[in-house]
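K.L.:
Full structure from sequences and hints, please.
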Amino acid sequence: MSSKGQKMGLRSWLDDRLGVSAVFGFLRDKKIPQHRHSVWYYTGSAILLFFAIQMITGFMLVFYYNPTLEGANTSVARIMTEIPLGWIIRSVHSWSASFMIAFVFIHLLSIWITKAYRKPRELTWISGVFLLLISLAFGFTGYLLPWDDLSLSATKVGTDIPRSIPVVGVWVTRLLRGGDDVTGDTLTRFFGFHVSILPLFLLTILAVHIYLVQKQGMSVPVSDEKKGKKLKELPFWPNFVYREMVVWLILTGILFSVAIFFPPSLEKAADLMAPAPEGLRPEWYFLFLFQMLKIFPSKILFINGDTIAVLLILLGIIAFFFLPLIDSKPAEKKGKIITAAAYLFIVFAVAMSLWSLLS
Amino acid sequence: MMRKKKLIVLCSLIIALHSFVLLRHDFAQQVAQEEKTEMTKEHESQDKIVSGPKDIKESTGIYVFVSWMWLAIVVLIYFLKLKIKEVDRLFEIRYLSGKKK
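Taken in order, these protein sequences are the chains called A and B.
Its first residue numbered 1, the first sequence is counted upward by one per residue in the working numbering.
Its first residue numbered 1, the second sequence is counted upward by one per residue in the working numbering.
It should be emphasised that the hints constitute simulated quantities derived from the structure, not laboratory data.
Keep in mind that a hint or two might mislead.
Quick look at which bits of chain B chain A covers, simulated, 3 or more residues with Cβ under 8 Å [claimed, not checked]:
# : region
1 : 47-54
2 : 70-78
3 : 82-89
Below, simulated EDC-like cross-link-like pairs (lysine to aspartate or glutamate); rule was C-alpha separation at most 20 Å, straight line [unchecked claim]:
# : chain 1 : residue 1 : chain 2 : residue 2
4 : B       : 85        : A       : 233
5 : A       : 30        : A       : 244
6 : A       : 31        : B       : 92
For each residue, glycine too, the CB sits at the ideal point set by N, CA and C.
P.N.:
In structure tokens form, the structure reads like this:
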């Protein structure tokens, strides 16, 4: 049998069992609209790229990492000094987390501004916000794992924030810490969340999100939809995928270059009894929330300022979840006000982060 | 034809250079193993461990790797651009013939 014949035989064998030709047929038939906002379509697959890099480097790191009070900092030091190219793997893992969260923010903000969440894509948006929260949880739990002074203090501050929520606050803080204070139990707990519970949640919701994106197709801007004219389209496979590959290559190059030339350092092992170090700051993506909590007055009309700030943040998250339902008329005045709110949010987050960095 | 030949020669050169550098780098890593175990002990008494290449050999290897990586990316993007042109043309032809029908 010729190699072409063998290939066809294998293809039909697989097709009989898996039905792959239907998937390829679907991908060939899927069309990507071309317009001035098409560039945002590439952010989704960029997130997937960084997530894949995170998984691969995470698997490599977990072979050497020891999630115990005595072993955590030493094992990270060993990865950085003894394991061949271990410092690069750790740096790529750390930087790809930052890149991934940055792209999740860009992806969601672009959807907010172009109103791609409008009917019938409400559930796609809600699953996307879930993915943002899980990504942030990945960042928060991963920050403690090197177990140095800075990560310990930042986790103490971070896990103390839910305490201000009335009724359930103390319970949430204890649940996160595995006790009253941040200890070795917290470290083990955070490691468990980081490597098993969060990936499980993320993969499940990601599958739902991708299914919804495929089912609903790509959204077009409101202005083009209103005009009702037929937009130019590209087939997803292979025309759009080749274009995505160019973006993936560039992003991989940037990620590796940044990771190699700006690797994260490691402080000495955390001392549970030591006071918080100076210049305590969370990761960049929590800076605006951190600064907001910092500048909030301690008391507002007999009520604890922290409680009001945390409740405001929770309210903001709930509103963000249900944005497609709040923005029920995207083409009208209400929709324009909600778009303006997106720009205001960007200005607020950047200003607060810069304030925190400079103060 | 000449252009194709030049490209094949360039790609082979890149692959050969890459394999040579990585092999050399791996060997250097193995030789330096014992020294590095000592380095970890030394770091335990330090306040901060700064990441980065340990010696000039590793540092050179890293620079070569980054240059190789960007070169490979540029070559791959060039090939992908050719492919994009080709598939777009095919799509356009099919699109037009579909319209004529």
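K.L.:
It remains to establish, for every hint, whether it holds in the given structure.
P.N.:
To see whether the hints hold, each was checked on the structure:
1. 47-54: As far as the region 47-54 of chain B goes, the hint holds, because 7 residues have Cβ atoms under 8 Å from chain A.
2. 70-78: Coverage by chain A holds for the region 70-78 of chain B (4 residues, Cβ < 8 Å).
3. 82-89: holds (count 4)
4. 85(B) <-> 233(A): holds (15 Å)
5. 30(A) <-> 244(A): holds (15 Å)
6. 31(A) <-> 92(B): holds (14 Å)
In the structure shown, no violation is registered for any of the earlier numbered hints.
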